[in-house]
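**Student:** Here are the chains, one letter per residue:
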Amino acid sequence: MKRTLGALSLLFLLGVLLTVASPSNGVKFGPGGSEWTKYRYTDEYYIEHGVEEVGGTNIVTDIVFDYRGYDTLGEATVLFTAIAGAVALLRPWRRDGDE
Amino acid sequence: MSSERGMSLIVKTTARATIPLIGIFGAYVVSHGHLTPGGGFQGGATIAGAGILFLIAFGFGEMEKRYSHGLYSALEGLGGLAFLGAAMLGLGVAFFYNTLWHNGPLFNGRPGTLLSAGYLPIMNLAVGLKVFTGLVSAMVAIAAYRRWGE
Chain A
1 MKRTLGALSL LFLLGVLLTV ASPSNGVKFG PGGSEWTKYR YTDEYYIEHG VEEVGGTNIV
61 TDIVFDYRGY DTLGEATVLF TAIAGAVALL RPWRRDGDE
Chain B
1 MSSERGMSLI VKTTARATIP LIGIFGAYVV SHGHLTPGGG FQGGATIAGA GILFLIAFGF
61 GEMEKRYSHG LYSALEGLGG LAFLGAAMLG LGVAFFYNTL WHNGPLFNGR PGTLLSAGYL
121 PIMNLAVGLK VFTGLVSAMV AIAAYRRWGE
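Heads up: the protein sequence lines correspond to chains A and B, in order. Going by full-length UniProt numbering, the letters in the first sequence line up with residues 1 to 99, in that order. Going by full-length UniProt numbering, the letters in the second sequence line up with residues 1 to 150, in that order.
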């Protein structure tokens, strides 16, 4: 019963997402021309001003390390926490017959 | 235990030849992160791939001799601190203010050259060091976890 309800709700969510993501009534894929300046004006700014404001010719690195550095800081923190958790959990917790 | 000795002679010889190449390529990706695709995370993962190849080809016993847990943990923390330190260089204006690029003494060359882009190369190196040491220590922790019941 519960599994059926879960599967039905998953199906419902999939239908909703497919409806929203269809180009006729929702997200447009591959915007160009006037749609680019309407929906992607932030990207336009980064592409036009990235090299002079940050100095790196790799726009992705400019965004990731300069414009949105906090995000990279959080990402590095996530990685640090993951490694610390993995190493802490994988320690030998019982000295049973160590070779 | 024979599985501690690693894989066959062909694999070991090939690993001896390819591990430096993978390391050099990873260092290239890290150091040119502000010019070409790639960067700290990608290059660090590439160098960690060289470390994992060493671990698999030569076995855990050989890795245990060359791996120091304290050193790798300290280097991972040092990478994070270098990242934060580079972010705090322009703290007089704002956090993450790229003061080396705007009025710094170094790393302010023409865009496209290696010594440009302010703190971006420093941050790439820091993140690369952090990712490399973190992934290698995680893999060693997994490899050292336990035997399959001897």
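Treat each hint with caution, since some may be false.
Said to hold, decoys possible - Computed list of chain A residues with no C-beta within reach of chain B, every gap over 10 Å:
#1 M1
#2 L11
#3 L18
#4 A21
#5 Y39
#6 Y46
#7 G56
#8 T61
#9 V87
#10 R91
To be verified - Heads up, incomplete: computed chain A residues facing chain B, CB under 10 Å, no partners named:
#11 T42
#12 E44
#13 V54
#14 D62
#15 E75
#16 T77
#17 L89
In case anyone wonders, no lab produced these hints; they're calculated from the structure. Glycine is no exception: its CB is placed at the ideal position from the N, C-alpha and C atoms.
**Student:** So, for every hint listed, does it hold in this structure?
**Tutor:** Hint by hint, here is what the structure shows:
In this structure A/M1 is separated from chain B by more than 10 Å, as the shortest Cβ-Cβ distance comes to about 39 Å. The beta carbon of A/L11 is kept farther than 10 Å from every beta carbon of chain B, the shortest such distance being approximately 36 Å. Look at A/L18: its CB is around 32 Å from the nearest CB on chain B, clear of 10 Å, so calling it non-interface holds up. No beta-carbon of chain B comes within 10 Å of the beta-carbon of A/A21; the shortest separation is about 28 Å.
No beta-carbon of chain B comes within 10 Å of the beta-carbon of A/Y39; the shortest separation is about 25 Å. At roughly 14 Å, the least C-beta separation between A/Y46 and chain B is larger than 10 Å, which holds for a residue marked as non-interface. The beta carbon of A/G56 sits about 3 Å from the closest Cβ of chain B, which is not more than 10 Å, so the claim that it is off the interface is violated. A cut-off of 10 Å between C-beta atoms contradicts the statement that A/T61 is not in contact with chain B; the least separation is 5 Å.
Look at A/V87: its CB is around 5 Å from the nearest CB on chain B, not clear of 10 Å, so calling it non-interface is violated. Against the 10 Å criterion, A/R91 falls within the reach of chain B, whose nearest CB is about 8 Å from its own CB. Look at A/T42: its Cβ only gets to about 18 Å from chain B, farther than 10 Å, so that hint breaks. For A/E44, the suggested interface contact is broken, since its CB lies about 19 Å from the closest CB of chain B, more than 10 Å.
For the restraint placing A/V54 at the interface with chain B, the shortest Cβ-Cβ distance is roughly 6 Å, inside the 10 Å limit, so the hint holds. Interface hint at A/D62: satisfied, since its Cβ lies 7 Å from the closest Cβ of chain B, which is below the 10 Å cut-off. For A/E75, the suggested interface contact is upheld, since its CB lies about 8 Å from the closest CB of chain B, less than 10 Å. Restraint check, A/T77 versus chain B: the minimum CB separation of about 8 Å is within 10 Å; hint holds.
The restraint placing A/L89 at the interface with chain B holds, with a minimum CB-CB distance near 9 Å, inside the 10 Å limit.
Of the hints listed earlier, those the structure fails to meet are numbers 7, 8, 9, 10, 11, 12, in rising order.
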